[in-house]
Amino acid sequence: MASYEEWKLSDFRRKDKSIEEHIKDAVWGYLPDRKRDSHQVQLDKDVLEEVTKQLLDQAVINQLNQCKSFDEILVVIYCIKTKGFGALSVYDTALRLGAYYHLYPEVVYLHRGAEIGAKRLLKLTSTDERIKYFCDDFNYPYLQKDHFPMELQNLTAHHIENFLCRMQKQFT
Numbered sequence: 047m048a049s050y051e052e053w054k055l056s057d058f059r060r061k062d063k064s065i066e067e068h069i070k071d072a073v074w075g076y077l078p079d080r081k082r083d084s085h086q087v088q089l090d091k092d093v094l095e096e097v098t099k100q101l102l103d104q105a106v107i108n109q110l111n112q113c114k115s116f117d118e119i120l121v122v123i124y125c126i127k128t129k130g131f132g133a134l135s136v137y138d139t140a141l142r143l144g145a146y147y148h149l150y151p152e153v154v155y156l157h158r159g160a161e162i163g164a165k166r167l168l169k170l171t172s173t174d175e176r177i178k179y180f181c182d183d184f185n186y187p188y189l190q191k192d193h194f195p196m197e198l199q200n201l202t203a204h205h206i207e208n209f210l211c212r213m214q215k216q217f218t
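Position one of the sequence shown corresponds to residue 47 (the numbering used here), numbered consecutively onward.
Just so you know, these hints were derived from the structure itself, not from any lab. It is possible that some hints are incorrect.
Unchecked claim - Within a straight-line C-alpha distance of at most 30 angstroms, the following computed DSBU-like cross-link-like pairs (lysine-lysine) qualify: (1) 114 to 127; (2) 91 to 63; (3) 169 to 99; (4) 54 to 81; (5) 114 to 70; (6) 127 to 99; (7) 54 to 99; (8) 99 to 114; (9) 54 to 191; (10) 91 to 127; (11) 165 to 63; (12) 114 to 169; (13) 114 to 61; (14) 165 to 99; (15) 165 to 191; (16) 99 to 191; (17) 178 to 129; (18) 54 to 165; (19) 178 to 165.
Assemble the whole structure, with the sequences as input and the hints as a guide.
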């Protein structure tokens, strides 16, 4: 599972493409085989074009180039605020661009399937104090890695997120 996820990010680690090309590919969800990730395929093309246009602004590129952590990248993309480009799209785009900068999440972001998986695995309730919120936005919940079983703590945060999403139905 981790090797497939690493493959999905592998193109973004290449430095033979410009940041502008990587931004377009990140927003549109292009994989190394030039197919599109299933999350981004579902999004309206006008929305993707608008987000791409905003991220290609030179001031935004300068901001991205100054980022020292994944969370800083996430803030830049989060601030775009385009209707139809929700939390999962923001996270996926930030993860792809994070791979370009070699910056990855240190906490486990929960959205859609990952949130369901975490709630089932950890028996979380909506008021659980372990859940924190990125930018105090309830659409962006996350957990520290140390809240997960020791077996999962050996994984990177984005691999835990992927595991929770893929395995959500197995947790009861």
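Violated constraints from the hint list, given by number and in increasing order: 3, 11, 12, 14, 16
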